[in-house]
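Reassemble the complex: the two chains are provided individually, in unrelated frames, and hints are given to aid placement.
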Amino acid sequence: MQRALNAAPRWPLYAAGAAPGVWIFWLALNDRLGADPVKELEHALGLWALRFIVAGLAVTPLRRLGGPSLVRFRRALGLLAFFYACAHLLSYLLFDQGLNAHAIAADILKRPYITIGMFAFAILVPLAVTSNAAMIRRMGAAAWQKLHRWVYVAAVAAAIHFIMVVKSWPAEPLIYAALVALLLLARAEFSLRRRFERFSRAPGRRHRQERGAALEAIQAK
Amino acid sequence: MTRGLKPIASSEITPREIYIRRREFLGGALAAAAFAGLPGRACATPLTFSKSAYSTDEPPTPKEDITSYNNFYEFGTSKSSPSRYAGRMKTNPWSVKIDGLVSKPATYALEDILKTVTLEERIYRLRCVEGWSMVIPWIGFPLSDLLKRAEPLGSAKFVAFETLVRPSEMPGQSGWFQTLDWPYTEGLRLDEAMHPLTILAVGLYGETLPNQDGAPIRLVVPWKYGFKSIKSIVRISLVETQPATAWNKEAPNEYGFYSNVNPEVDHPRWSQSTERRIGEGSGLFAARRPTLPFNGYADQVASLYTGMDLKAYF
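Protein chains in written order, with the numbering used here: chain U, 133 to 353; chain H, 4 to 317.
Chain H on its own, in the form it takes in the complex (with noise of 0.2 Å):
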């Protein structure tokens, strides 16, 4: 049963040069909104986003597949541990802190990050160490226009990173076996974090991440192997020299620095050179996939390699 219309009070009509900029305000201040006030942020919240000329064309992986095959150790080795544990982390509040090497150290919290920068939608490929690729659309800005905004200083050379440490919501950074020494930490040079390609992640297919993919936020660096693209980031250090990984220190001679996708390196225990690309084809006989240097990316990154043996610089 309908009752009669209310009149609309004149106050609750958006004045029109709002209303014409409603996509600028969405992208924005809507973004900043998805992300505050939700409590533990449990349920995906859709995104505003444009689209990305650095999208690749290749059919998305199911997001069933990208939200229940992870690796994000700090919940367990298994690939189902993530979507399982992840649930108890709390993302709510987060900030993210920025030192280091930088002219403006600050704590910014995620709405503050968030206020400031236009989301895009970056289909990219996904290569993991292990073997396996998935095609991701993620929603996310570049990770320059964050750290220019610290202004980073003439002598910072390498950019750090950190991954939450909570061993009380991650199950994984207690107990007997410790696989990693915690927290988390990735990192890159300086023209590597500047590339375009090279961007903070808050979101998949439309809606903010799920906590086992890295939320509330997390780097994604398409052209190197999975594991460089750290997750659920609380600290961002501009430094000057190489600073340590958490798979170089736990491995130095299997997993490198740079970490570029290559098949001509081999990882010393299994071949680099072929991909299962993950829900493609019908499960069981889904055929392997040559791997592409740079994992496709040679066109837009091989530059900053120039003059550098990749054998030696793995």
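Bound-form chain U, shown alone (with noise of 0.2 Å):
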């Protein structure tokens, strides 16, 4: 299966990825979404923004527990959760507030969800602007992999935005929440673990013991 999917071309990743926002877009411009248009193509652009997000964070938990490794697929995997963060910042700016600067202004400064909305959008501008082989070069692995680290503050970010949109706790927010909460768990307990592996096999403190008993020993004589 890993052979396969080494083999397999990320192009059908991009378009099935893509498809469900062209489709969206496609019965918004027909008037088939229902009585409110505007909030349901708002709603659904964020959505797949987070599932992406959610999916991108899978791909290492998922081949450290044994899994298919996807991580040939999470570049693209990230430029569809930018892809749709873009389109769900657009659809907000044009559709549901008409490009009127003064409410948007007013919004972002004033409306927590709103304000966290876009902090998690302006994190994944450079990630998006960064993900091709040769900014990796230019920056160097260990510099470009710790400005990507920033996706999990993104991702916080977005499942925060979420739960602030609605009203009351509905189940489906909560969903995502708990998603990013155990993809970030899931990466915090792998370091530590390896952290303390690396620590407990080092020769540093049982050799410094032995040494200082030693020397006393040398010392007592």
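The reader is advised that the hints may include incorrect statements.
Unchecked claim - Listed below are the simulated BS3-like cross-link pairs for lysine-lysine, each with C-alpha atoms no more than 30 Å apart in a straight line: (1) U/K299 with H/K93; (2) H/K252 with U/K242; (3) H/K314 with H/K93.
Treat the hints as calculated values from the structure; they're not laboratory data.
What follows is the structure, encoded as structure tokens:
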């Protein structure tokens, strides 16, 4: 299976991933999204952005749990998330607020959930811009990885943004928040364990203790 | 093929005195008949009603939107859940218990309530706290007509309302995620409840209410956010102190007891200065419109709140 995955082209993922967005937009244009098409479109695009963020975060834990490695598809997942985040933001600016600069500025400054949503989007921009091989080479792998860890912050912000948009505590936003939390905790657990293993395997402490004991023994003579 | 017409028996001819009173007769008895005896009341039944000067002349929102885009959390939190699941709710028989500080506490059968009232069409604006609005041609009668029948005592200062609790027919009332504390409760100050704009609606677009819109009987208070207009009412209590209300219990800093439509007082998480009128314009390109104080009913109701700080009593 892994061999097949390694040979598979990436473009079908881009096409299939963008399809729901194109479909929803077509429905909206043809007035087939129910009573409040603006809200429906906005919500659907935002939800797909969050889904692709979650999918991207799931790649590494899946491999560590013995599943297939989907690392070569992760860039596509991230770019799809960015595509939907852009569409989500555009639908807000264009259809929801009708490009009313005053209302938009007031929203960003006064509404915490919009502020948080904008913050998440702002994080995704540099990640999308640097998601190509040339940038990895230019930045160096370590710096590039450090930058792209910001997606963890964006994921948390997006999950909070979703919870804050709705009234009361319906299940759906809580489920997404739980998924984000789980995937981030899986990383934290993995890196803590690795650090612990490195530490206990390292000669450092035992070595120092033995040397200390030997020195004492010599001094005692 | 037509056979010859049978001669009409004189017993079947409507006496003139009844014939000339037919409108009156239709208003009461027919309305009661519309609600009685129809199994499950599954399909909408036409109602007889008169026009009202309280109606707006704004174009009503399409019926399709009014009956498919609903907040009725007893059936789920999605806008489409009520129209999908509310058919399970049995609304026949239905009765409303009126108790508390009244001289005549009683449980009234819906047919009994309808026999004594005159139905009117009230085309009202409805503004949801979420920032959208509709224009709805309700059919109903003033709440005060029913309250007067129960004879409120002088000590009654508030009116508390309760929605049906029936988890077997209301999927939102069972399961893991309970969004609100059931029963859904609402309340009004007595003077708000007695105001002529405040009605109990039993129909819309000339027919009995669809279940998703709060059948068979619901409150409509057009100058307050939509959630104050409690649906599928089973109990009305007159009380001395301000009653607990469902959304206020859920988030006291977001949903006040009064919840008068007010563009000056934002919801903590979103602006209330504008609204999107459902069904207006062409879908995606419908502009928001400014929200009016008291949802445009300030002339009639602002005097109820003279001297009150509406930012503190939101």
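Below or equal to 30 Å on CA atoms is what counts here, so check H/K314 against H/K93. violated (41 Å)
Straight-line alpha-carbon gap H/K252 to U/K242, limit 30 Å
Holds, at about 25 Å.
Pair hint U/K299 and H/K93, alpha-carbon separation not exceeding 30 Å:
Given that 30 Å is the threshold and the Cα spacing comes to 27 Å, the pair holds.
Checked against the numbered hints listed earlier, the structure breaks hint 3 alone; every other hint is satisfied.
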